[in-house]
Amino acid sequence: MTLLIEAEHLYRYYGKQCAVKDVSFTLKRGEVLGFLGPNGAGKTTTMQMLCGLLTPSSGSIKINGVDLSANAKTAKQSLGYLPDTPPLYKDLTVQEYLHYCGQLHGLSKTALLPAISQAQERCGLLEVKRRLIGQLSKGFQQRLGIAQAILHNPDVIILDEPTVGLDPLQIREIRALIRELGQSHGVILSTHILSEVQDSCTHVQIIHQGQLILHESIAGLAQFMDTGILQVATRLAPDTDSLAAIPGVLRIEALTATHLHIHYRLSANPSQALTAAIIAAGWELQELTPLKKSMEDIFISLTEDKRP
Amino acid sequence: MILTIATREFKTLFISPIAWSILAVLQLILGYLFLKQVETFMVLQPKLSAIPSGPGLTDIVVPPLFGNAAIILLLVVPLLTMRLVAEERRNKTLPLLLSAPLTNSEIIIGKFLGCFGLLAVVVLLITIMPLSLLLGGELDMGKLFSNVLALLLLVAALTAAGLYLSCLAQHPIVAGIGSFGLLLLLWLVDTGTQMRDTRSAWLDYVSLLRHFQNLQSGLLSSVDVGYFLLFIGGFLLLSVRSLANLRYQK
Numbered sequence: 001m002t003l004l005i006e007a008e009h010l011y012r013y014y015g016k017q018c019a020v021k022d023v024s025f026t027l028k029r030g031e032v033l034g035f036l037g038p039n040g041a042g043k044t045t046t047m048q049m050l051c052g053l054l055t056p057s058s059g060s061i062k063i064n065g066v067d068l069s070a071n072a073k074t075a076k077q078s079l080g081y082l083p084d085t086p087p088l089y090k091d092l093t094v095q096e097y098l099h100y101c102g103q104l105h106g107l108s109k110t111a112l113l114p115a116i117s118q119a120q121e122r123c124g125l126l127e128v129k130r131r132l133i134g135q136l137s138k139g140f141q142q143r144l145g146i147a148q149a150i151l152h153n154p155d156v157i158i159l160d161e162p163t164v165g166l167d168p169l170q171i172r173e174i175r176a177l178i179r180e181l182g183q184s185h186g187v188i189l190s191t192h193i194l195s196e197v198q199d200s201c202t203h204v205q206i207i208h209q210g211q212l213i214l215h216e217s218i219a220g221l222a223q224f225m226d227t228g229i230l231q232v233a234t235r236l237a238p239d240t241d242s243l244a245a246i247p248g249v250l251r252i253e254a255l256t257a258t259h260l261h262i263h264y265r266l267s268a269n270p271s272q273a274l275t276a277a278i279i280a281a282g283w284e285l286q287e288l289t290p291l292k293k294s295m296e297d298i299f300i301s302l303t304e305d306k307r308p
Numbered sequence: 309m310i311l312t313i314a315t316r317e318f319k320t321l322f323i324s325p326i327a328w329s330i331l332a333v334l335q336l337i338l339g340y341l342f343l344k345q346v347e348t349f350m351v352l353q354p355k356l357s358a359i360p361s362g363p364g365l366t367d368i369v370v371p372p373l374f375g376n377a378a379i380i381l382l383l384v385v386p387l388l389t390m391r392l393v394a395e396e397r398r399n400k401t402l403p404l405l406l407s408a409p410l411t412n413s414e415i416i417i418g419k420f421l422g423c424f425g426l427l428a429v430v431v432l433l434i435t436i437m438p439l440s441l442l443l444g445g446e447l448d449m450g451k452l453f454s455n456v457l458a459l460l461l462l463v464a465a466l467t468a469a470g471l472y473l474s475c476l477a478q479h480p481i482v483a484g485i486g487s488f489g490l491l492l493l494l495w496l497v498d499t500g501t502q503m504r505d506t507r508s509a510w511l512d513y514v515s516l517l518r519h520f521q522n523l524q525s526g527l528l529s530s531v532d533v534g535y536f537l538l539f540i541g542g543f544l545l546l547s548v549r550s551l552a553n554l555r556y557q558k
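Residue numbers (the numbering used here), protein chains in the order written: chain E, 1 to 308; chain P, 309 to 558.
No wet-lab data here; the hints were simulated from the structure.
These numbers were taken from a predicted model, which means no experiment stands behind them.
You may find that some hints are simply not true.
[Stated by the list, open to error] Computed Cβ-Cβ distance ranges for the label pairs, DEER-style: (1) E:Y14 / P:H479: 16 to 24 Å; (2) P:Q521 / E:N39: 34 to 42 Å; (3) P:G542 / E:S108: 31 to 39 Å; (4) E:Q209 / P:L492: 27 to 35 Å; (5) P:V429 / E:S108: 25 to 33 Å; (6) P:L476 / E:S108: 48 to 56 Å; (7) P:L433 / E:D167: 47 to 55 Å; (8) P:S329 / E:L132: 33 to 41 Å; (9) E:Y11 / P:A552: 14 to 22 Å; (10) P:R398 / E:I193: 46 to 54 Å; (11) E:S108 / P:I380: 36 to 44 Å; (12) P:R549 / E:Y14: 18 to 26 Å.
[Said to hold, decoys possible] Calculated lysine to aspartate or glutamate pairs in the EDC-like style (CA-CA distance at most 20 Å, straight line): (13) P:K400 / E:E96; (14) P:K400 / E:D91; (15) P:K400 / E:D84.
Backbone N, C-alpha and C define an ideal beta-carbon position, used for all residues, glycine too.
Looking at chain P on its own, in the form it has when it is part of the complex:
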């Protein structure tokens, strides 16, 4: 049942131009940024080789690429998630799902996986870029893997939060603006603390960026992975609750 909804959601994205336009735009921007990083490496290479155990090809190319991808996806994910539930409510197609023999969690997880499927394709396409360097060089596979994992966890977290706001809002655009605001806030919440000498541990912990960067550095810590899993689980749970609340509407 979950897969039925997920497949439908995934296919719907590809029937309309939404998925294609997002893939095309992302690929164009990230391809350009990737080539810039490769060029930087070419320029720096003579100096870098002089430093013993200095940063290698992977360090110069991969983290900046995935970091930029994360920021662009922060803008893109709300555009994808905003329609998930809000549009069904607006087009009055939600009764089809609500009157079918499905539980609320099946509907929510199905929607989540369908949207995450497209984003996983995006991450795959981004990963192929540094992999192409294997033709003429060597990569630190461990580091690449941790970057891919970090990005996958991040987009899953963004999707879950966007899905929740889509359940809350009556209008897709409102859901989009709301989730963009929420995600940007969570992304930037620790910037102010860096100015002061004493950093707030609390704000540090909440920030999406901090955990994402920790994972990106190749340090696979259970705190960071746990943070993302809790984030995803929490927002999915809230979405299920808010869908259930629709039946109690006043």
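Just chain E, same shape as in the assembly:
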């Protein structure tokens, strides 16, 4: 089976700044790859390179076995792309717009209309198909952007933050759609929301400051999620050094003198030892709450793991 995407040693410089640094990965049919990273990590740049919008400073990209730089036209035939801002013409109706997109991707006249109605149905656009795009709400515009990307049934679907601007119900629908698409296509989506990746992806790839720091299946991700944060408040300022010495505590972040964020290992939960230590020292514990897991925890556990 040919790999749908093979990216090898991609580098991209903006001036002297390196936005993407030595990124290599592959995508197979049936995979949904989540591209996870904070804002400005290089997600969009990487995706733009995959779609031929930006030329990599060095490295090679193959789409469906075809080299993107040497044979761009053939390679792009297997691509569907939703940019971070959906590329919509506000003067057109939904139907006209999808018609144009289909023609641009070389759909034949007979294939065009069934493809349009299928895409409209999948993205819930049937009720608005005669409306002008400029008058649609943000949620509908985003869905139309997705419809445009899947219209010509491409092998590779690349979605840059597909659920931005959607309400929770629509997010659920779109995630279900992505899972469904993932069964017969290869999908890459980018997001900065961890739960989105856990919900709809089979693989996850974390990019941080332009570098891939993790490429794992979702099951493999769990083992990296061994960290959590405790929010601790005391009345008197505690001595952070003595708290950091407690086993299980990874790092202490002092928000103010009396408010701390304590990063800890889930497998060695230090809550009891912390409580005991604070009370024994007479700092008067006022609050100790575990915070919801965020991507930051994974970053911390990843960087912790890399330390000798």
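Following the hints, complete the assembly by docking chain P onto the known chain E.
This is chain P only, laid out in the frame that chain E set:
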């Protein structure tokens, strides 16, 4: 593929009021100028008929009409071309074209033809005016044809140059001002040389106006046609290059 983009571009112009307003304004001004020329001919007719092989109806009406049309189009074409690529970049719709299986030349030629299509309609409407004189008079068809050809080549050249500036500029208005400046410069570049006795052959050759007037006079010279074709081809090539450069942006 080229036709898909061209048709879309052409239709987009007619969906918005842009095309309609331009057609209406041009038709109003040129209709007025056409009638003025016909009136001039009516006044001059008795004197003209006395001159053996003097200027006829076509000479009095057609070249001034097409000459005026050329100057007005010099103002109008930048307004049409400025949005071609710059607006797509601004509205972030360009990724749709760039990620579709299209080459840069297909995008550029499609855009060029779509915009040229509207201008061809303008030229057609202008041509109908002198043709209406056939109802009561006779026209020198050869001369009319060379005027139509001259105007078509001119608007194609203006469109190509405007398209290039639209690829360069981030903002449509900047593209509009830039192409208007460039075209006006190329139009007027030989005016200074006419003052002196020795005319600069070089500036003469660059001037759009000179080649346009040569064609208008009914003299179908390959130098003038070649100049326009090179002009169009050159700017289209530059546009393709500048579109390709977007992918290398720093």
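Checked hints:
At about 21 Å, the CB distance of Y14 (chain E) to H479 (chain P) agrees with the hint of 16 to 24 Å. Distance hint check: the CB atoms of Q521 (chain P) and N39 (chain E) are about 58 Å apart, inconsistent with the given range 34 to 42 Å. For G542 (chain P) paired with S108 (chain E), a C-beta distance near 36 Å keeps the hint of 31 to 39 Å intact. Distance hint for Q209 (chain E) and L492 (chain P): a CB-CB separation of about 49 Å, inconsistent with the stated range 27 to 35 Å.
Roughly 30 Å separates the CB atoms of V429 (chain P) and S108 (chain E), a value that falls within the hinted 25 to 33 Å. For L476 (chain P) and S108 (chain E), the hinted distance range of 48 to 56 Å is not satisfied, since their beta carbons lie about 36 Å from each other. The hinted range of 47 to 55 Å is satisfied by L433 (chain P) and D167 (chain E), whose Cβ atoms lie roughly 50 Å apart. Range check, S329 (chain P) to L132 (chain E): about 20 Å between beta-carbon atoms, so the 33 to 41 Å window is missed.
Here the CB-CB span from Y11 (chain E) to A552 (chain P) is close to 20 Å, well matched to the stated 14 to 22 Å. With their beta carbons about 29 Å apart, R398 (chain P) and I193 (chain E) fall outside the hinted range of 46 to 54 Å. In this structure the hint that S108 (chain E) and I380 (chain P) lie 36 to 44 Å apart at CB holds, the actual value being about 43 Å. Checking the proposed 18 to 26 Å range against R549 (chain P) and Y14 (chain E) shows it holds: the Cβ atoms sit about 21 Å from each other.
Of the pairs offered as hints, the one joining K400 (chain P) and E96 (chain E) holds, with about 18 Å between alpha carbons and a cut-off of 20 Å not exceeded. Proposed proximity of K400 (chain P) and D91 (chain E) is supported: the alpha carbons are some 14 Å apart, at most 20 Å. At roughly 9 Å between alpha-carbon atoms, K400 (chain P) and D84 (chain E) fall within 20 Å of each other, so this suggested pair holds.
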